[in-house]
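Student: The lines below spell out each chain.
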Amino acid sequence: MSWRDFKRKVQRQFSEYLEIPGDVMLDLPKIILVGNIQLFIENHRGIIEYTPEGVRVSVGEGEVAVTGQDLMLRNILPDELCVEGKIRSLSFL
Amino acid sequence: MFRFKLVSYLLGYVVILVTGEAPEKFVNMAAGRGIFLWDIFKTGDGAITMKVRLSAVRPLRHIARRTRCRFSIRRRRGVPFYTAWLRRRKALALGAVFFLAALYLFSSFIWFIEVRGNEQLSAAEVLEAAEEAGLHRGVPKWNIEAGRLEAKIQEALPLVSWTGVYIKGTRVIIEVAERTVPGEEDRRPLHIVAAKEGLVKEVLVLDGYPLVKEGDTIEQGQVLISGEIPPPAEEPSPSGGEKQPGDVSEVDRQPRYVHAKGIVRARVWYDGYGEAGTVETGRRPTGRSATCVSMKFEGKEIILSGSPDIPFENYKIETFVKKIPDWRNLSMPVEVITIKYIEMDDYRLERSREDAIKLAGERARKAAARLLPENAEVQEQWLEEVPSESAGAPIRVKAVIETTEDIGREKIFNP
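These protein sequence lines are chains U and R, in that order.
Residue numbering for the first sequence follows the numbering used here, beginning at 1 and increasing consecutively.
Residue numbering for the second sequence follows the numbering used here, beginning at 1 and increasing consecutively.
Isolated chain R (complex conformation) (with noise of 0.2 Å):
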């Protein structure tokens, strides 16, 4: 059935209303012929309306003739009336097939590149060394060859061990990997000092002149390993110590300014404190809460659910506007209110000694371990109870973590 109804498209159909005494004749003529109708339908005043290919309509007036029918087109479809449609409008297709013809020919350029992968290099050298082994914008894409300009980009730009070309529409994508080159070194002279205090566990020194030994105690800021190497202590020379004019060793006397190197490690504790009661009151959320939305319009509130009334004896409320922003000099008159009432209760605990020790040092522990750096690694831990005065005052816990890390902190410093 649709093939038949895309046929009749392509070879174009006419709607046809045929009037008479007995248009069913006319109908059994026609198909007697072998003439193809097909939505036979009997408008109200005894009228028929039909649709018959394009080729069938001169047999039809024989046919009409012979049966005393009339028939006249009422609608002409298909694609030989759009053909003459569109001869009658020749800029119209003129103007459909050169924008086709532009929009080929328009894609068929390079309009973008793109570099990606380039982080040392900036994507204007890239886009530079393209340019210059033939890519451009506004290149026609005929003249492009991945192969070639990977090998020429490559070529221009010595930082870069690989590039890939692609070519996706009418955008270009280079992609680049770049080679790591060692950086410059550091060469100013700096201090190691210690960025809080300690004590020294262990030192390694890469460069530089060790001020401190295991088991020191330091202070922050302290300079652990000096940039500054004094000069060798004098050794007594054999010879009684006399000098000789030019001796060489007259140079080394100057101290030496070297980028301190080295590792460490000490002991650092960390405190924290910790409170507990015995007895312990306040206010804390039920979990039950109520929600009001209403809409606020030119001072007036309406309410959208819920009900204005609150149904909690203590409560906290929690208001959102919700606005539609500003634009221009045009703001909405209309904003929604969602107001959340939670419901808050008192409450009173009280707990053994035990308990308040126990809480008290799991909040100490906590308060502790909130200090303490990323990279510490903890030995030791324990709890200290902290007497307190009165009887009634809340149990205080000490909490101390023992950890071993790096403090070497570099300073810089001017000889």
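So here's chain U without its partners, still in its complex pose (with noise of 0.2 Å):
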């Protein structure tokens, strides 16, 4: 076990026995699906490739991968995204 594997899980216990929320303590990312048609990813680290059959989004750790049709990013913030369009599927890379 290394030092930060070792780290995460004092973490995570940590927020678990606080009852603090992981996208704030382990920056990890909240998502947010509305239906088919709407998704909202808040605390991402950029998009990684745009398609309109496909978007990649970084998250803290690994990517987040969206597919569908006709995809459009709605908005988007430092912090916060929103794609729009006709989602199939959502998939952690």
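Since the hints were derived computationally from the structure, they do not count as laboratory data.
Wrong hints could be hidden among the right ones.
As the list claims (entries may be wrong) - Simulated crosslink set (DSSO-like; lysine-lysine; CA at most 30 Å straight-line):
| id | chain 1 | residue 1 | chain 2 | residue 2 |
| --- | --- | --- | --- | --- |
| 1 | R | Lys-398 | R | Lys-201 |
| 2 | U | Lys-30 | R | Lys-5 |
| 3 | R | Lys-51 | U | Lys-86 |
| 4 | U | Lys-86 | R | Lys-5 |
| 5 | R | Lys-323 | R | Lys-296 |
| 6 | R | Lys-51 | R | Lys-5 |
| 7 | R | Lys-168 | R | Lys-141 |
| 8 | U | Lys-30 | R | Lys-51 |
| 9 | U | Lys-30 | R | Lys-25 |
| 10 | R | Lys-316 | R | Lys-366 |
| 11 | U | Lys-86 | R | Lys-25 |
Two chains, two frames, a set of hints: combine them into the complex.
Tutor: This is the structure:
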């Protein structure tokens, strides 16, 4: 167990103990999916790839990939992002 | 979101097209530096269009250089561009301002004056009084005081007991309430004559000389209360009838003419006859009907609904033709014809004598009731069977309605 994994474990246990939401404590993305038409990602780290068929967004660790049709970035702020269109799948890479 | 868009519109925004190897980098860097981007959309050939506020265009240049992208402005939207466009078209802006100014200016004058509630007075008289009080067409609204106008108009017109002046936009409504002044009394001499024949029941004379009394039978047109009052009957004077010259009563020898007034109520009879046969035949609608709608256009007939075949053996036809009304010398050659076939049926009814008498009586009563004037008071009514000559003839019944009514009618005469 590396030092980094140990730190994460302690942080998780700490946040569970104090009931602090993970997105605040652990720097995790908060993803809100509205039906299959809208997707909000809070706490992102920028866009990796964007095409009308798929969007890859960098989050704290790894990426979130959205596939669909006619996707569009409705708005983009330093830590918030909204994707609109016909969403087919959402996966963590 | 709406507030964000509104602010963007007020501050101005542009639609830019970003081309380059990695437009995503451009987006990331812009977002990382706190530049709002929205409606990011990939067009076919690897380029991205997005919307960005006008104030952020300058920093974007720097980002474009860093990410090796190029961007070009495609569309300019929002208030700053709109005002710039207006600045180039000064006449248009001036015209708009002029229009608003004119609208405001012209709406601050009185253009219409309406008079309400006047019956004896003419509208022109009221308007004249208003004119004198300072209210006329074209007067500025700020010069009008409703309360002062009301008082002045009321002062100028003695016939008016109350005035109301209301200002509604460019319209002034003058509402007046008139005093009821007792009208001139009709002094023309006239008789009260009978409007119809009857039997006098009561006589009430207010003015005039009664010629009939209770129990008299009167004919139509007969004078009931005369407007001519004969001189009083000469009393046999105790001194033996000698006349003295210059007697005052000499003047009274002439009859006096008055406007006769009074009520004469009489009993009036109204007759009505009704017939009913013991056997009745005829045709009547069965209640079933068929409709055929067709359109006629230049002699050709096109059936829109229904069938042209008549489904009944005995029927009656009702035809309605609808046509667009002629205008000037243009007439439409189209008309819609609705034909309604109403099925008819022969019927034969047999009824007993009692039923026939009852029906005839009902019909007779209705016929008599139709003759009654509105203010008549029905006193009595009865039915009489009229004997028929032959056995097969329908039964005839007479209905009599007795009423009491005012039968007086005014008739002017020349003395």
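Student: Tell me if the straight-line CA distance from Lys-51 of chain R to Lys-5 of chain R falls inside 30 Å.
Tutor: holds (11 Å)
Student: Please work out if Lys-30 of chain U and Lys-25 of chain R have their alpha carbons no farther apart than 30 Å.
Tutor: holds (22 Å)
Student: Would the pair Lys-30 of chain U and Lys-5 of chain R pass a check requiring their Cα atoms to be no farther apart than 30 Å?
Tutor: Satisfied, since the Cα-Cα distance of roughly 25 Å is no more than 30 Å.
Student: Please verify whether Lys-51 of chain R and Lys-86 of chain U have alpha carbons no more than 30 Å apart.
Tutor: Answer holds: Lys-51 of chain R to Lys-86 of chain U is near 21 Å, not above 30 Å.
Student: Run the distance test for Lys-30 of chain U versus Lys-51 of chain R: straight-line Cα separation, threshold 30 Å.
Tutor: Measuring from Cα to Cα gives roughly 25 Å; hence the hint holds.
Student: Decide if the proposed pair is consistent with the structure: Lys-398 of chain R and Lys-201 of chain R, CA atoms, cutoff 30 Å inclusive.
Tutor: At roughly 24 Å apart (the allowed maximum being 30 Å), Lys-201 of chain R and Lys-398 of chain R satisfy the hint.
Student: Between Lys-323 of chain R and Lys-296 of chain R, does the CA-CA distance stay at or below 30 Å?
Tutor: Distance of about 10 Å is within 30 Å: holds.
Student: Is Lys-316 of chain R within 30 Å of Lys-366 of chain R, Cα to Cα?
Tutor: Holds: Lys-316 of chain R and Lys-366 of chain R sit about 29 Å apart, inside 30 Å.
Student: Would you mind confirming whether the straight-line C-alpha gap from Lys-86 of chain U to Lys-25 of chain R stays at or under 30 Å?
Tutor: Measuring from Cα to Cα gives roughly 24 Å; hence the hint holds.
Student: Given the proposed pairing of Lys-168 of chain R with Lys-141 of chain R, does the C-alpha separation stay at or below 30 Å?
Tutor: Judged against 30 Å, a Cα distance of about 10 Å means the pair holds.
Student: Is the Cα-Cα distance between Lys-86 of chain U and Lys-5 of chain R 30 Å or less?
Tutor: Given that 30 Å is the threshold and the Cα spacing comes to 23 Å, the pair holds.
In terms of the numbered hints stated before, the structure departs from none.
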